[in-house]
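Trainee: Protein chains in written order, with my numbering: chain A, 1 to 435; chain B, 1 to 414.
Warning: the hint list may mix true and false statements.
[As the list claims (entries may be wrong)] If you want a taste of the chain B side facing chain A, the calculated C-beta under 10 Å gives, among others: (1) Arg-7; (2) Pro-62; (3) Leu-100; (4) Met-164; (5) Glu-184; (6) Asn-402.
[Claimed, not checked] Computed list of lysine-lysine pairs in DSSO-like fashion (alpha-carbon distance at most 30 Å, straight line): (7) Lys-271/B with Lys-110/A; (8) Lys-271/B with Lys-63/A; (9) Lys-63/A with Lys-110/A.
Just so you know, the hints here were simulated from the structure itself, not pulled from any lab data. All C-beta atoms, glycine included, are put in the ideal place defined by N, C-alpha and C.
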Amino acid sequence: MTDSTRSVVVTGVGLATPLGVGREALVEGLAAGRSVFGPLEGTLGTVAPGRGALLDLPRKRFKEWINTRILRLSTMTRQTTLGCIAASDAAASAGLPVDMVTRNPEDLEKHLDRGCFLGSFIVPPPFAKQIKAARILARRPDGADTGWVLDDARLAEAMKMASGFDFLRALPNMPSSHLSIQLAYQGPACTMLGSDTSGMQAIVQAVGTIRSGQANVMVAGGAFCPFQEVHLAWQNHRGLYADARSSEAAPAPFAAGAAGTLPAEAGAVVVLESREHAEARGATILAEVTGAAQRVLAPGEPDEIDVRAETLSLAAPDGAVWLGPTALGQAHLDGLEAAAYDQAFGDLSSAAAVAVSPTFGFSGPAHGPTQLIAALLAAKGELSPARAPVDAASGCDSLAGALGRTAATGPGTTAVASSFSIDGIHAAVGVRIEG
Amino acid sequence: MAGPHPRPRVVVTGIGAVSAAGPDRAAVLGALKAGRSALGPIELFDGTPYGGQLAGEARHLPRNAGEDRALQLLRIATDEVVRDAGWGDAERGPETAVVLGTCQGGIENAKPIHRDYLRRPCPDGDVAEGAEHPRAFAEYRPGAGAAQVAEQIGAGGPRSTVGMVCVSSSVALIHAIDLLRRGEATRIVAGGFESFTQFVFTGFHCIGAMAAGPLRPFDERRDGTVLGEGAVLLALETAEAAEARGATILAELAGGGFAADAFHMTAPDPKGGGLERAIRQAFADAGVGPGDVDYVSAHGTGTVFNDGMESVAFERLFAERAGAGDMPPISGVKSIFGHTLGAAGALDAVACVLAIEHDMLPPTTAHAEPLRDLPWDFVAGPGRDREGLDVLLSTNSAFGGNNSALVVRRWAGR
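Excised from the complex, chain A in its bound form (with noise of 0.2 Å):
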């Protein structure tokens, strides 16, 4: 039976993002206010945006939290070594057992009621139609020409590279079966696609299985590496990246003039929980979800503002202190976002934001959560955002002025992040913190 007042907590989180691995890692990167960003190397450095954001961890040191045992690192695509590796430190962090090598049959048994939900994206494998294609796509809508190189000899190799392993390494339920296995968790396991949004509603659809008593632990959030010829130049047409071949700057959300941001890898996933199952075992909550919701942008619907802002009032209904916006910086997404955060809560003078853009950029699927964990664990007081005042783009005074901000932090303190894609699908998750 559903129960819709049935308590959800978050009890852990997980992070692999270019700052590092783990909640220490994005807390000292935000704080520092340095931004991670590098040129991309061969063919893809040649195309804009030239620049983005990967974690520099060298692949032995993935079996620190990647079970080799019972994984095969070389089977799994990047964006589900992030995944398992930000679940590995989320499981870790809610005090939930990780390595589950031993598969001790009184163990699993405690594992059937846990399930995850992973936001992902399709990659294709480096067949030569996907790759001809990304020559053709990589020219942005103005018609200035990128400056992709075909590269028959790569083609070709890629082609004799092409095996069955490229075919599984790449089917889209992957990510969150590698979690299932990775923590033995036997309960309901789902990879959300479709869009940018679908680590957030990850999440809101995972909140809702809990709910629903499908499951008493979910482990929910995104992964995505988009270092992959198409998905660049599929983003790179719609004008979502800078071109950052000849310029180091940083994406710069809400601010006037802000040409685009710079792609990131990333793994970021919250570890919820019913308030009794948590409660019985003693964890330690971090908060509790306030609300978490889905809105779509329908044909012939009035305004895709009141949409955005309806779907921030579900999840906060009593408002948010600390706001974690998509802040992508480009001018007319974050415009719209910011009229959407003026609609939702009114006067921002007391709201203080956070946003990772800066830092490291846009990590499609993984991006909203990793604002969630963001907004969380600066709401909860560990997190203090460094960010210097921006000359704010028209209409995004609000937002602007909140990124600098500091606020009231510590138990009762109320956050919000969202998720916006191009789609029209927009995702939303408020918590309140928990002493």
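Using the hints, position chain B against chain A.
Mentor: Using the frame of chain A, we list chain B on its own:
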């Protein structure tokens, strides 16, 4: 927010089904009744290098229609499901949602458009600019199918895309049940879609999962699966909403469950533990038990591992009935339509709805030597008349160890 409340019941009021058997649900019904396989030689690309294997292609579909094939399948199914449900302007808006499943919906979406780009002469000798074909980029997204359906039916409620390979559309149906029960939508178009592509075929071929001949579910001679394609959608509504508008209720989606093996990336748990848990969840959700089941539409891919795992799970689940010689009939309709991956769970569920509606048991074709000599009724041959079907179980499993189960019931009113 309301407290705990009796949950709404979820009913099926319409079906849209495009498959290898034909462009509508009547074709699905015809193939099921006749036990007529729609599998044939591959026509969409040159299949000879792969050994001349079979496929369940929608040969009735116009080729090179200037529209992506997966979205073409989906558009036709959407037209039918809305028509079948009798939805009109009153059903447009924010209370209508879309939840779809697909395996590789985004991978080959833009292939024909890319080809056109490459062939298109440009004044400067370079490729055409993408801005002139915005659809190419929109169709890259795996969520393009759900976006298309939403636009086609004017759905402004929640919209999501589940990417869970063979359990995609059954999990989409379970998500849809949840959304309706939670009151986040009043009606939902839910199901899945998949086009037959060389990329996916090659992938399955590489891992040795393809059959040399027909797809033989639960047969000792089984040697692999045969891929198909299709778009299969169900119009789901709360019973209250359906009755209020005087809709014809085809069946009830009484419950669902999904569970992970957490065992291995490609191999299923040979004990079928995850599938058994998914089925037991679905039973609990629907308020029924193994003794109530009148028919099982099994995943039945025809692979050695899947069918073996399923049979073990069924053996344990229905142990009491098996001991009494009362196993429910079990069949695998993929032998007729091929394995439609992202659409498979929805197609299996539709087979159950049609079974209730037309008092018949969907059959298994190409079945002659029962797996492990099990004395079960695999409904070999044509569809069989069977009145009074009440509780039907549909199961699916996927690479990565994902399992799902749906309980479809005859609607007897509230």
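Trainee: Each hint: holds or not?
Mentor: Taking the hints in turn, this is what the structure says about them:
Given hint, Arg-7/B at the interface with chain A, holds; its Cβ is 5 Å from that chain's nearest Cβ, closer than 10 Å. Proximity of Pro-62/B to chain A is violated relative to the hint, the smallest CB-CB distance being about 22 Å (cut-off 10 Å). Proximity of Leu-100/B to chain A holds as hinted, the smallest CB-CB distance being about 9 Å (cut-off 10 Å). Annotation: Met-164/B was flagged as interfacial toward chain A, and the flag holds, the nearest CB pair being 4 Å apart, inside 10 Å.
With a cut of 10 Å, the hint placing Glu-184/B at the interface with chain A holds, because the nearest CB-to-CB distance is about 8 Å. Interface hint at Asn-402/B: satisfied, since its Cβ lies 6 Å from the closest Cβ of chain A, which is below the 10 Å cut-off. Taking the CA atoms of Lys-271/B and Lys-110/A, the gap is near 19 Å; set against the 30 Å cutoff, the hint holds. As the CA atoms of Lys-271/B and Lys-63/A are separated by approximately 29 Å, the hinted pair is consistent with the 30 Å bound.
About 24 Å separates the Cα atoms of Lys-63/A and Lys-110/A, which keeps this hinted pair within 30 Å; it holds.
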